[in-house]
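Chains as they are written, first to last, in the numbering used here: chain A, 188 to 406; chain B, 188 to 406.
Think of the hints as simulated: they come from the structure by calculation, not from any bench. Fair warning: this is a prediction, and the values are worked out from it, not measured in the lab. A few of these clues could be false.
One copy or any two copies: either way a pair holds, since identical chains are not told apart in the list.
List time: in silico DSS-like cross-link candidates among lysine-lysine, alpha-carbon distance up to 30 Å [as the list claims (entries may be wrong)]:
(1) 355 x 189
(2) 190 x 355
(3) 397 x 190
(4) 189 x 397
For reference, the chains in residue letters:
Number of protein chains: 2
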Amino acid sequence: MKKIGVVLSGAGVYDGAELHEAVLTLLAIDRAGATAVCMAPNIAQHHVMNHLSGQEEPGETRNVLVESARIARGDIQDLATVDAGSLDALVFPGGIGAVKNLCDFAIHGGDCKVDPDVEKLIQAVARAGKPIGAACIAPALIARVFKGEKQVELTIGNDPGTAEALTKFGARHTDCAVEDIVIDRQNKLVTTPAYMLAQRISEASTGIEKMIQAVIEMA
Amino acid sequence: MKKIGVVLSGAGVYDGAELHEAVLTLLAIDRAGATAVCMAPNIAQHHVMNHLSGQEEPGETRNVLVESARIARGDIQDLATVDAGSLDALVFPGGIGAVKNLCDFAIHGGDCKVDPDVEKLIQAVARAGKPIGAACIAPALIARVFKGEKQVELTIGNDPGTAEALTKFGARHTDCAVEDIVIDRQNKLVTTPAYMLAQRISEASTGIEKMIQAVIEMA
Numbered sequence: 188m189k190k191i192g193v194v195l196s197g198a199g200v201y202d203g204a205e206l207h208e209a210v211l212t213l214l215a216i217d218r219a220g221a222t223a224v225c226m227a228p229n230i231a232q233h234h235v236m237n238h239l240s241g242q243e244e245p246g247e248t249r250n251v252l253v254e255s256a257r258i259a260r261g262d263i264q265d266l267a268t269v270d271a272g273s274l275d276a277l278v279f280p281g282g283i284g285a286v287k288n289l290c291d292f293a294i295h296g297g298d299c300k301v302d303p304d305v306e307k308l309i310q311a312v313a314r315a316g317k318p319i320g321a322a323c324i325a326p327a328l329i330a331r332v333f334k335g336e337k338q339v340e341l342t343i344g345n346d347p348g349t350a351e352a353l354t355k356f357g358a359r360h361t362d363c364a365v366e367d368i369v370i371d372r373q374n375k376l377v378t379t380p381a382y383m384l385a386q387r388i389s390e391a392s393t394g395i396e397k398m399i400q401a402v403i404e405m406a
Numbered sequence: 188m189k190k191i192g193v194v195l196s197g198a199g200v201y202d203g204a205e206l207h208e209a210v211l212t213l214l215a216i217d218r219a220g221a222t223a224v225c226m227a228p229n230i231a232q233h234h235v236m237n238h239l240s241g242q243e244e245p246g247e248t249r250n251v252l253v254e255s256a257r258i259a260r261g262d263i264q265d266l267a268t269v270d271a272g273s274l275d276a277l278v279f280p281g282g283i284g285a286v287k288n289l290c291d292f293a294i295h296g297g298d299c300k301v302d303p304d305v306e307k308l309i310q311a312v313a314r315a316g317k318p319i320g321a322a323c324i325a326p327a328l329i330a331r332v333f334k335g336e337k338q339v340e341l342t343i344g345n346d347p348g349t350a351e352a353l354t355k356f357g358a359r360h361t362d363c364a365v366e367d368i369v370i371d372r373q374n375k376l377v378t379t380p381a382y383m384l385a386q387r388i389s390e391a392s393t394g395i396e397k398m399i400q401a402v403i404e405m406a
């Protein structure tokens, strides 16, 4: 059974992993006959957002690994302890956590930094020739990691500003419909817009299923 | 388009709504061409569980509506303000929140109390002849609401202790496989074991899809 690492970044679209994308990723992996290995960095969230009011909760702190454990039903590993050799592929659901917790692209754009353990794992998986998948805004993290190293082809849907920012990292951006995927066969990278474009959960689901299928085929 | 109320009870299997069941419920409703109307009571959670350690966080408090908003991407209503007349059906994903926040069956068993607004909504939906669906442990809440009023047929899988407790509420319990459902046509109630039995997310998904299809057919 192929082992697919799923990197979570909290539990909620506005400060962590987008919950629909994360759960649909786990479903697609299971339905494809592979095993999901959930992981997250053991770090503080950038912030805590009240998802009802849309406002930040200034006094509150939450931990990315602890909150991600809600999605994994407790079956989750500290990303820093995960050996790339134990995985056949690595996938990233979206949500603001991907660009505020795993890296800070949503805050610093072109000058963003990546969590060192996340960067190390992505690099190790890529060097081993194993595929990577990313949904929604998570391709921004991938583009940043490969900046100045190789030109990856990817999509975040069709938002011109975000696409241009990824181009500045050296990536090639391809517009993509919500239920479709962009496959970079040379770099074994599969991306899908998910909630960058989705108006309905079934649209996100279709794209994520295709992404997981393509990742597992290359694994 | 049929409107299916989805009652959430927080965001995490050990203190709120089970996230897989909640998201898969939303997916099944969308795929069936209906609209999900997310709601939750605006009350404090019974407690906050650290889903990594499995331990309670004694100093922490979270609000059921605010945490449920993470699942609904912010598009959620205070359950107390929802008019049963605006809905075609009502469904309950499982998770400990269903039996610690919506009612306290997990704490007081046969002597449990139901949140008054939750009870009022269930009664109003049932009186209007509209169907109700419940997954995992949530059928315990339904059994409690109809105690002494009518005999509903339902399932929580095959756990003898829980099944017996529901029988004491006057319900008829039918053992059920994880990917199947129990339909009480007279009372328009559909139940499925989900994570009371599921070892894999795809098993929970199959049962929940069937539950939603049956609920929508009766709506």
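Against the structure, the hints come out as follows:
no., hint, verdict
1, 355 x 189, "neither (34 Å within a copy, 46 Å between copies)"
2, 190 x 355, "neither (33 Å within a copy, 45 Å between copies)"
3, 397 x 190, "both (17 Å within a copy, 29 Å between copies)"
4, 189 x 397, "both (17 Å within a copy, 29 Å between copies)"
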